[in-house]
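*Asks:* Below are the chains, spelled out letter by letter.
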Amino acid sequence: MAKPKIRSELRFLLNGEDVALADVAPDATLLDFLRLSRSLRGTKEGCAEGDCGACTVLVGRLSGGKLVYESVNACIRFLGSLDGTHVVTVEHLRGESGQLHPVQQAMVDFHGSQCGFCTPGFVMSLYALWMKSPDPSNAEIEKALQGNLCRCTGYEAIVRAAHAISSYGKAAKDPLAVERKAVTARLEQLRDGLRVEIGAGRQRLIVPADVADFARLLEAEPAATVVAGSTDVGLWVTKHMRDISPVIFIGGLDGLKTISEDKDAGDGKIISIGAGVTYTEAFAALAKRIPAFGPLFDRIGGEQVRNMGTIGGNIANGSPIGDTPPPLIALGAMLTLRKGKARRTIPLEDFFIAYGRQDRQPGEFVEAVHVPVPDEGTHFAVHKVTKRRDEDITAVLGAFHLTLAQDGTVADVCIAYGGMAATPKRAYAVEKALIGQPWTEATVMAAMDRYAEDFAPLTDMRASAEYRAMAARNLLLRFHAETSGTRAPLTVTREKAA
Amino acid sequence: MTTHTPDLKAARIAGGVAADQRHDSAHKHVAGTAIYIDDMPEPAGTLHGCLGLATVTHGDIVGMDLSAVRGAPGIVDVLTASDIPGENDISPTGRHDEPVLADGKVQFHGQPIFCVIAETREQARRASRLAKVEYKELPFVTDIGGLDPLKDKLVTPPLTLKRGDAAAAIRNAPRRVKGKMRVGGQEHFYLEGHIAMAVPGEDQDVTVYCSTQHPTEVQHMVGHALGAPSHAVTVEIRRMGGGFGGKETQGNQFAALVAIAAKKLGRAVKIRPDRDDDMIATGKRHDFLIDYEAGFDDDGNILGVDYIYAARCGFSSDLSGPVTDRALFHCDNSYFYPAVKAVSAPLYTNTVSNTAFRGFGGPQGMVGAERVIDEIAFALGKDPLDIRKRNFYGTEDRNVTPYHQTVEDNVIGRIVNELEASADYAGRRRTIQAFNANSRFVKRGMALTPVKFGISFTATHYNQAGALVHVYTDGSVHLNHGGTEMGQGLNTKVAQVVAEEFQIDLDQVKITATTTGKVPNTSATAASSGSDLNGMAAQNGARQIKDRLVAFAAKKYSIPADQVEFLPNRVRVGNQEIAFADLVKQAYMARIQLSAAGFYKTPKIHWDRDKGQGHPFYYFAYGAACSEVSVDTLTGEYMVERTDILHETGRSLNPAIDLGQVEGGFVQGVGWLTTEELWWDDKGRLRTHAPSTYKIPLASDRPKIFNVALADWSENAEPTVHRSKAVGEPPFMLGMSVFHALSDAVASVADHKICPRLDAPATPERMLMAIERLKTEAVK
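Heads up: the protein sequence lines correspond to chains A and B, in order.
675 is the number of the first residue of the first sequence in the numbering used here; add one for each residue after it.
-14 is the number of the first residue of the second sequence in the numbering used here; add one for each residue after it.
Some hints could be false.
For each label pair, taking beta carbons as the anchor points, the in silico distance ranges come out as [what the hints assert, rightly or not]:
no.: 1; chain 1: B; residue 1: 564; chain 2: A; residue 2: 769; range: 31 to 37 Å
no.: 2; chain 1: B; residue 1: 27; chain 2: A; residue 2: 849; range: 28 to 34 Å
no.: 3; chain 1: B; residue 1: 130; chain 2: A; residue 2: 1030; range: 31 to 37 Å
no.: 4; chain 1: B; residue 1: 137; chain 2: A; residue 2: 1114; range: 51 to 57 Å
no.: 5; chain 1: A; residue 1: 769; chain 2: B; residue 2: 540; range: 48 to 54 Å
no.: 6; chain 1: B; residue 1: 544; chain 2: A; residue 2: 769; range: 47 to 53 Å
These are calculated hints, taken from the structure and not from any lab test.
As the structure is a prediction and not an experimental result, all values here were calculated from the model.
Quick reminder that beta carbons are idealized off the backbone N, C-alpha and C, glycines included.
Could you build all of it, start to finish, from the sequences and the hints given here?
*Replies:* What follows is the structure, encoded as structure tokens:
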């Protein structure tokens, strides 16, 4: 196959204008571009690590031909990942005569700002929510704001404002809604199918034309940094100032964004998720079929991070505290790795070899993960434990997949944890103590003593070893209670008590 | 806004005192057009600085090779201690214990030792990591747990408060409790980090834009560091993106460095530290270890208490003296102690120097008092609320504080009684018991806690303020005062006071950036005093001009002065009404001075620290909160189900803004006592230095049901500005209600027979450990 044609500039839309950039550093962030190059200083830097939301902007992109706008963190979003998108900043919201947007007016009238520094970020997050859900519930508002920190208001006034936005205007009449067709057409035009390559030597970025192009590129340059959602690599740059060139941006590759449900050769179904599928995209497909994923995904990062971060990145990154590997391992997920045209598929569990080491060859990349849908009648649960409920990194995460025999004994069980070892890891000794035994609390209590054989967790700023061990054990008890049909609450939730 | 025509028939002005006026910058906040320092256009050639931080916790610098730093791309200069032309010191209380840049000795991990100046911020940041520094490491202590509060090294002299013979009272009491409590510190997490930009001028002049609550102090520190007189240094701040005390003294370092670099290099210089550097290199709320012993009777009446409040102060004094003093001033919260002794221990540690934070030691003081209440309640098997109410200060007697000030304005009884009823405390107590009886893993808890907070700087000389009021000939008013705007709505309130005084619509009053060039010798915007002090100073300035206008009108229209009355946007002069702007123009033509410098000093207050006696507070602010929580006893995770608050703000200058202070202060206080945990590793490094590891509350952490009311009957007993009360700090301590509700839920696992002795912050981990401990003890 011939090498694809190359374009040597990035092209995207910024608010109302076309942007073409021929001189872009591979690690240039959207936030610095907005503030320093364009003097669009309404977007703020609060933390430079995607945790505070002061830099929230919207990125519109074509997803299956449909234009979707999503909130993202401009501080850890690289410019190179924006080819063919529409970037919308707070400066775009006011009308031509300068009048405030409904989101802005509601925030003013309900006293939603005090110091005002986080406010543009809140406005953008609420704007994204309002376009999706003009009359949001409390839960939707809280979820949309998980990635926005405010230190002044206590949030109450902001939530009041969020409920009131639609009384100031109709989402359907919003400029982004009205101009949807024109912007879609413009973005279609920008998608010329060319590879983008900018820079040379130590300052090089590449946006592959498609997955095959990516495979070829990575095989040829195995040392390149592969960036999908940049929710981790972003920090390599902003915090560690690591040199990441050359960078291959794969977040926009449609070929990695497929979600398909395959009939298994056997009795179940398998959902195959492309490595570039974001948490937000996976939520719809995965949580519908495997409900336990819903509450888990709601507690991964904030909305901005979920809009950027990918399942593939979460796996390929190899972190011991990634939230998707343990449940995927518990379900027996398989991983497809690809190098050039060659593919191999391995159990996900085997991918994680040791801390910082995975079964990925030079030039190879994670292409897809295949998730078996648990059989009806089996039990599957995921429980995440954190210091702060939302937008926090896991202290302990346990995933449980249980199959009971007719006689009430444990026919099969698969238990995997995050935060308990140097990799996502199975609790084999615990499993062994359960299999063949009656699924009773006595069995569970006995099995709980086996955790020490499986795990020797660490103490760090998130939790002590003792707490991790104790919480991990107790999660098994919670799982047992869940399967026993009790009506008493098993944990705390954001739902209001009756 | 720009084409305003005042309504000359209005019955009331728009935006006067007591109006729910929105924040003066609200529309700019939401539009992204409010200008913070990093948003200001930079002068051509502006350079950027980055601090070089020490990588040991305690040690002597034996070699510093900065050649790689100097050789990095874009580097213009690297400043070290020897580049400081004046004094290498920014200690705010004059103890000379806090260098701008460490000189030979490192006292905490992350202490600034040099400052890189480069063409871009990025270049400065990258180069700052290339230094080769050789240290001779020394033993260090980061935690106060192993220190003796009465013997180990202090950063500043301790305070003792004493009334009666506490030891005898405890000894002779029918019952006694004794214990120790740890209360964690807190990172401010202002959303806008520290930032300073200096623009050099002629002679010794320099203008410094600095995100600071205390421009005058920055002016002094910059002057000292430069060896320049104060008149050469102008400090300006339009607004901060949050302060909370974290910008009372902590901006000094950045301001001093940019000023030094700007004068040395003849170019504008800006420093905006990365969030991690900001959190590592600037101070936080003090964490405390509180030793307590109390004697009480069988009904739960406190007879005597003895406290030692030991604080982790860090390597220098900063504000640790007044902070630990204020902890003692609040060791009583709302309770009368017949006999009391309280001692502070501001301990030296090899950590960043801790500093002011909303409440300024007061919250830690109160937490100790509330622990004693809990201990008594558990010892007697009573509801803690009964013990609280029983020990409240009296109005006629039992009303003298540990510092010998008589409480003259006590309303805590009324507040608590009203809240107890509106929150249905008794009914819900029963519901919770029933719930817990039927719920194995999830337990509910509830607590109602009071707040009494003393208002005034305990440094008496800080209780003064100035303002500058100009009336222009079109009737518009330019207002400047010494307070700073950090989101609390101070500028809005002060403008409302001036609008009310002149009886003109609020949009006729322009609030301008705080600058040392307009109002000199100001105090920090701190101690909740912003509107009390500056509102009065501005009112005084406006009244001076008003008096001149009245005298002028009386003379010109030959009527008695009492026939001149300021009506909305107009002035009644005898039988005629003249538009305010017209009268002003007439006065100008008659050569009447239309500008005034207002001034205010708080009356009544005095304090003798050596004796531990005086009247340090002008008045007290009161409030109470009732919170209910649910706790997962398998993981320690929790949720705030409901909070009811009744808080008093006197005759509020702006109820909407005050409500925001109460809601925001409460949530911040809850964060302090729950998920906000500072964690140092065994090498002495702070490992929670970014929002990924340091967890402040989110929208989904606020109470599910959140009923907040301002007491509509409240009025300040003292003649404060329009009889309002300060509101910045007091609501912060309402967060204690959640902490005690969590403790109540923990206690339920042992049938409320054992005091949980929960330490703060009550992270899920501390909760689970306490639950397990109580379960074990209950079986014994």
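*Asks:* Could you tell me which of the numbered hints above are not met by this structure, giving the numbers in increasing order?
*Replies:* Checked against the structure, no hint fails, so every one of them is satisfied.
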